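Listed in order, the protein sequences are those of chains A and B. Position one of the first sequence corresponds to residue 1076 (our numbering), numbered consecutively onward. Position one of the second sequence corresponds to residue 13 (our numbering), numbered consecutively onward.
By construction, these hints were calculated from the structure, which means they are not laboratory data. In this text the structure is predicted, and so the values were computed from the model without any measurement. By construction, the Cβ of each residue, glycine as well, lies at the ideal position given by its N, Cα and C atoms.
Some, not all, of what chain A presents toward chain B, calculated at C-beta under 7 angstroms: (1) P1139; (2) S1150; (3) T1155; (4) K1177; (5) G1200; (6) G1222; (7) K1256; (8) R1257.
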Amino acid sequence: MSKNITTPLTDEALADLKAGDEVLLTGVIYTARDAAHRRIIEAVGRGEAPPIDLKGQTIYYTGPTPPRPGHIIGSAGPTTAYRMDTFTPTMLELGTKAIVGKGGRSKEVRDAFVSHKAVYFGAIGGSGALLAGTIKKVDIVAYEDLGTEAIRRLEVEDFPVIVVNDIYGNDLLEQGKSEWKRTVAPR
Amino acid sequence: MNAHAIDEVCSFQEHSGALAAFWGDVGRNMGGNMRDIQVSEITETVARLSQEANYYLPEDVLDALKKARRDEEAPRAQKVLDMILLNSEIAAEKQIALCQDTGTTVLFLEIGQDVHLVGGDLTKALAEGVRLGYKEGFLRNSMVTQPFSARLNTGDNTPPIVHTDIVPGEALKITILPKGGGCENMSRLAILRPGDGKKGIIDFTLRTIEESGGNPCPPLIVGVGIGGTAEHVMHLAKKSLLRKVGEHNPDQEVADLEEELLELVNASGIGPQAWGGRSTALAVNIETHPTHITSLPVGVNLQCHSARQKTAVL
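So that you can see chain A by itself, here it is in the shape it has in the complex (with noise of 0.2 angstroms):
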């Protein structure tokens, strides 16, 4: 059974997450990926506000495909989420609450959605044709000048993803390897 919750995620909501939950997310969620955390970093590095306010907010690592006319975004699954690692607890600070990407965090990443109370969601790597169709609105608000990069607001319904990280500390690639790693008899 999948849970339906609403962005921005409360408090309530996160601390009912569970590794291995599947979640149909509704609302606004902002992309971000490389180039555009590498830039929200710089600013705040700089002591300057970063483009949007994070608080409270979800970060999906996508870069989408152009849109067809008629359509108002292309193809738009996750990117592999370990390059954003070295900038994950800077955003969490910022009051990040959740991100979507796919594979792995480091152990560090991990326990930084512990402290931060904040759970990492992985949407299926190469199903980006699918997930566009859960993506109603989107509006560039920030970087536009990094094209697919840029960071994009989007209002999405009923967006597929699974609780990979929780405030925890489990994980579900841990969790999914161990069950069903098997031996294999020798050769």
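Got chain A sorted already, so can you dock chain B onto it with the hints?
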């Protein structure tokens, strides 16, 4: 230069002109079987392949994903595979990219030695095909300039990475492999010691997949090169990905190693997206090459489940 020397030069030029004319005739006579192919035709083909490869998964990959779904025991993995298959239907129906990462455009060319490419520069014609295909197909431009500083988007996904083989015949075969960054970034090279043998190859390949986890988007096609030199073994690993899923290396000993590795990879528990399950890989493809007495090079190039490729023969 004195007058005498200038005469000699002139005389040589006349002479060499005559020789060139002579050899030209010989060349024309001997080259009666050369087939002209206009490079503009290559541009059109690459543009078309760019789009088709990014919208439609190859039949063998779809069949392998369906088989993985039937055999999968983990409920969560079953759902992931269902969504991957549904995604392929939506991409084909709506003609939008299967994955937003429409890749580095890797092109493999088999050029028949009796082919004469006319009407322009091949390298430019290939790049033009990528530029047109990505623009007209609403595909993402993912290539950046100067990799360690400026990293400015080239704006048209060029340049492609081009591999050419000269082969007998008068055909030109073009295969496009749009290669996503998530899986390409997990490529690994090891120069093992000859004594490390088969066990060394198995350990290195499994370690590469374990450490990659969900990053390369399993279920994977695992490309492995063994032998040759450092650069050649990586080329073999990439080239092995061109093989149809389910086809084995014709050398039985290599085919046995493919089977053994596939069983071990799928016993890892990693599963689709590394969320646990049986289907971590759809296939392990190995290509080998003779190597130096001191060496045992092993290259691993992983392919995500969005295993896009398309071939045309001109």
